[in-house]
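J.: Dock chains B and C against chain A, hints included.
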Amino acid sequence: MRALSVVLVSALALGACSSGGSSENTAASTGCAPSEGNVTLTYTTWIPGIENVVKVWNDKNPNIQVKVQTGPNGNGGTYANFFNQLKAGNAPDLGHIEYDALPSFRVQDGLTNLADCTEVTAAKDQFVDWTWGQVTFGEENAVYGIPQDAGPMALFYRKDLFEKNNIPVPATWDEYAVAAEKVKAAGGYITNFSQSDINQFAGFAWQAGGRWFANDGSKWTVNLQDEATTKVAGYWQGLIDAKLVSAVPPWTTEWDNAYNTGQAWTWTSAVWGANSIMSGAPDTKGKWAVAPMPQWTSGATVAGNWGGSSTAVFKGSKHPYEAAKFALWLNTSEEALTLLNSEAQLYPATKAGAKLPALSEGVEFYGGQKIYDVFATASTQVAPDFVWGPTMTSTYATASDGFKAAVSGNGTLLDALKTTQTKTVENLKSQSIPVAE
Amino acid sequence: MKRVTPMVVMGAATFYFLIPIWWLFVAASKSRSEFTGTTPLWFADFALTDNLGELFAYRDGVFLRWMLNSVVYTGGAALLGTILAAMCGYALAKYRFRGREAIFNVILGGVLVPATALALPLFLIFSRFEATNTFWSVFLPSLVNPFGVYLARIYAGASVPDELLEASRLDGSGEIRTFFTISSRLMFPALVTIFLFHFVAVWNNFLLPLIMLGEERLFPVTLGLYTWNTQVNQLPELRMLVLTGALVSIVPLVIAFLLLQRFWRNGLGSGAIK
Amino acid sequence: MRAPKKALLFFILPFGLLFTAFYLAPILYAIKQSLYRVERTGTFGPAVEVFGGLTQYQRVFADGPFWESIGRVLLFGVVQVPVMLGLALLLALLLDSGLVKGRRFFRLAFFVPYAVPGVVAAIMWGFLYSPSLSPFDAVTGNVDLLSADLVLWSMANVVTWVYVGYNMLIIYSSLLAIPQEVYEAARIDGAGAIRTAWAIKIPLVMPAIVLTTVFSIIGTLQLLAEPQVFRTFSSAVSSTYTPNLTVYSTSSIPNFHLAAAFSVVLALATCLLSFAFLKVTQRGGDK
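Taken in order, these protein sequences are the chains called A, B and C. Residue numbers 1 to 437, in the working numbering, belong to the letters of the first sequence in order. Residue numbers 438 to 711, in the working numbering, belong to the letters of the second sequence in order. Residue numbers 712 to 998, in the working numbering, belong to the letters of the third sequence in order.
The following block holds chain A by itself, in its conformation from the complex (with noise of 0.2 Å):
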């Protein structure tokens, strides 16, 4: 009898603090009228040496200290941990989150807008233009994060082999495509094409003018399909069925060994895929070159983008001026970004983080080229209107799948789209997010 009380009163315990979690907030904004006395902030992020960065600031503002908790990285289990955080009320003041993942949390309503933040707007002209189309979603009078770093994209090559084989670096995707059946006939892949993960696909479809999702208010319209799209994965499929690209799995030492060994010739990638191919690809040094992203057409100057995160202020803080700040600083001071990007290679998403000196040099690895020059434009050519879903790691989930069993021989890249595009409107309708059919 005793037992059966004891389950009653937890079960009546939790089911006070769930309705507890989500009713009572709205979408205003909260306000940003500082604390009064010392504050303590907490911030989660998996960003690696992050303790370094922070405690430059907790030497510096003994009022607002800041303390860190870490984790694996978002998919890997830290946002699933933000998720039930806010569901409790017991979210961090701050956390890391990449621009895909951050309209899912605009969605269960777990984000502070920010825009009442003087020094938040105010802040807004020194980002990259579309990084900070990637925090406001495009609404007025809204900010929901503060630009972390970028991911614009670029076209690593083994300048050696090209130039021994006498492949023209390609400019355009058609020229990609021939010197894809040179590099062929020379014994290698011109590249691996990412099957699981779906962000470097993005990255091309953001280029070619996809535009995967858009809101208006009132309902969502999820068009994975559109002609933008359609192009880029047709074009994908091209090189597939025509066995000019491998297919090994991203992220893998199989893929590091393929980079290495000289199997794979080219990876259009982020500006972070230089540090990629340091440490996967050792034996390569010198060996590598960067050049601009190939165009859809001749003489365009357009670059996509691969990753990038910001700091949000979650939900419930009670000091959302102080994490405001401590988040401003952190992306947008010399001495953080500086420091971001020599602990964990972090290409700030601000203008003048373009120029820190570490960003500035030749890079021996790439034969003494200045790469992040090279970055540093594209970053200026990325497209400021490209909008994530709010159920992104589904999506990606369905299109991997597809992906894989496209790369497999088992349908197409085209069939995998539209599997996502009708998994995905039946996701947001599932959770009862309004959506144009």
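Keep in mind that a hint or two might mislead.
Some chain C residues near chain B, calculated using beta-carbon distances under 8 Å [what the hints assert, rightly or not]:
(1) L719
(2) Y734
(3) A736
(4) I738
(5) Y740
(6) A741
(7) A820
(8) F822
(9) V823
(10) V827
(11) G829
(12) L839
(13) L844
(14) W872
(15) S974
(16) A978
Chain B residues, not near chain C, derived (Cβ > 10 Å throughout) [what the hints assert, rightly or not]:
(17) L489
(18) L505
(19) G513
(20) T571
(21) T618
(22) E652
(23) Q671
Derived, one-sided and incomplete: chain C residues facing chain B with beta-carbon distance under 10 Å [unchecked claim]:
(24) P725
(25) L735
(26) V811
(27) G813
(28) Y825
(29) V875
(30) I881
(31) L932
(32) V958
(33) V975
Don't read these hints as lab results, they were simulated from the structure. Just so you know, these numbers come straight off a predicted model, no measurement behind them. Don't be surprised by glycine CBs; every beta carbon is placed ideally from N, CA and C.
T.: Then chains B and C, alone, in the frame of chain A:
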């Protein structure tokens, strides 16, 4: 039957079970470039000590801290958990009372529910008491081992004769004292088994700490390694640390097994499943 | 024996309270969750939880991939569980037979894989399966162990590798409990080792085998760590490859209500199967 065939079977099984461990050992002794460039099952330059040094020095020795945490979480939870499970299983085996079978079935039913489903509710419970991100949030749920109750019930039923309990009752010994002085001794080899299984289960559990903990200093070693593994994309040099760390993380379990193994030497006799 | 109330409470209450708090209450909460759904207004309107009856369950039953994944783990279980337990039984019998020297060494050797956390084991085998890095490249170079046709069995091998030692220990400890007198009769009859094993030992350890089977069935239906890790290096493993993986990916969307409904259905299916298995074996035993 000849002795050759059994030994061949045992040899083949040993090969199957140990070759991946051997591979891990060899891999942990290599530098990063040798890892992909040399024969996987034999040593290149033996750099295990370098790797260990790097592992233990990385981020102010946080790995050693994780190992220590794991030992505390696991050792404590397995010890206490075994006693609790033994008491409960013993009572279910030795006393007749109303609702006995119902309680037993409910406890067994606990095993059926996927851990993924319990994650959010557990988190909400600890949030209620503002106890997430603490030692207790991982330690307390780890104490519960329904499987242990099941085993303890069977073992107790088999190894503790009713007559003995009657006798000690007549001697005026209380039930609780009887349990700790006589019954538990009879159940001891079985308790060692329960302890070992519980120990391994808690050591390997990383879902619970993953949900509960944000403070790196509180992580157990599995969660720490998992966290590093998700950062390999960003910092590929972590890969060798993950491999070396995985090797080191097995060692305490092997030691625990070796220490406990001697309790089986004379057979589990009294305490086995019937 | 009749139960003295105080002692009974002392024995059962500590475990009972913890079990109630960390198993029962969460389970009840999950069931409650599964009966709710969210409603919201506008694209970013806050969610309101409303009672939804069996809406989530309708979704579960209409979800093709979920039922496919149940079929997949059933196939997995039908093949892997007998192989694993057969191996565990064989090794336990050999250890117990007196025909083998170095028992303590073998016991340790077979147990070590169980000490390797599931996630780490899957990562290790991932390397051993990889076409170019595997030490067995004679095999992996010719047969793609990570392809859609084979990856299920590659995973089965990992699970077998980890759990044979564990199951062997359970069976072995039960073999050790057989009193020596039982063997005397057999010896007088002149029965050989194989006959003794078949006619005496196996029937006597049947309860242990049934126990390990039930737990293996449960483990199979709840496969999570292995497919999760294999997803990163095999193109054939989807995000809904096993039922538990579906629960996991649904709750990380986050769609807590649907995830709860998935897990309730999964738990019921597990219960049904384990119960059916027990019934079947009991009937067999009655003859």
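J.: All hints are to be evaluated individually against the structure, with a verdict given for each.
T.: Do the hints match the structure? See the list:
{"no.": "1", "hint": "L719", "result": "holds, 6 Å"}
{"no.": "2", "hint": "Y734", "result": "holds, 4 Å"}
{"no.": "3", "hint": "A736", "result": "holds, 7 Å"}
{"no.": "4", "hint": "I738", "result": "holds, 6 Å"}
{"no.": "5", "hint": "Y740", "result": "holds, 4 Å"}
{"no.": "6", "hint": "A741", "result": "holds, 5 Å"}
{"no.": "7", "hint": "A820", "result": "holds, 5 Å"}
{"no.": "8", "hint": "F822", "result": "holds, 6 Å"}
{"no.": "9", "hint": "V823", "result": "holds, 6 Å"}
{"no.": "10", "hint": "V827", "result": "holds, 6 Å"}
{"no.": "11", "hint": "G829", "result": "holds, 6 Å"}
{"no.": "12", "hint": "L839", "result": "holds, 6 Å"}
{"no.": "13", "hint": "L844", "result": "holds, 6 Å"}
{"no.": "14", "hint": "W872", "result": "holds, 7 Å"}
{"no.": "15", "hint": "S974", "result": "holds, 3 Å"}
{"no.": "16", "hint": "A978", "result": "holds, 5 Å"}
{"no.": "17", "hint": "L489", "result": "holds, 17 Å"}
{"no.": "18", "hint": "L505", "result": "holds, 17 Å"}
{"no.": "19", "hint": "G513", "result": "holds, 14 Å"}
{"no.": "20", "hint": "T571", "result": "holds, 15 Å"}
{"no.": "21", "hint": "T618", "result": "holds, 14 Å"}
{"no.": "22", "hint": "E652", "result": "holds, 21 Å"}
{"no.": "23", "hint": "Q671", "result": "holds, 15 Å"}
{"no.": "24", "hint": "P725", "result": "holds, 5 Å"}
{"no.": "25", "hint": "L735", "result": "holds, 7 Å"}
{"no.": "26", "hint": "V811", "result": "holds, 5 Å"}
{"no.": "27", "hint": "G813", "result": "holds, 8 Å"}
{"no.": "28", "hint": "Y825", "result": "holds, 6 Å"}
{"no.": "29", "hint": "V875", "result": "holds, 8 Å"}
{"no.": "30", "hint": "I881", "result": "holds, 7 Å"}
{"no.": "31", "hint": "L932", "result": "holds, 8 Å"}
{"no.": "32", "hint": "V958", "result": "holds, 5 Å"}
{"no.": "33", "hint": "V975", "result": "holds, 8 Å"}
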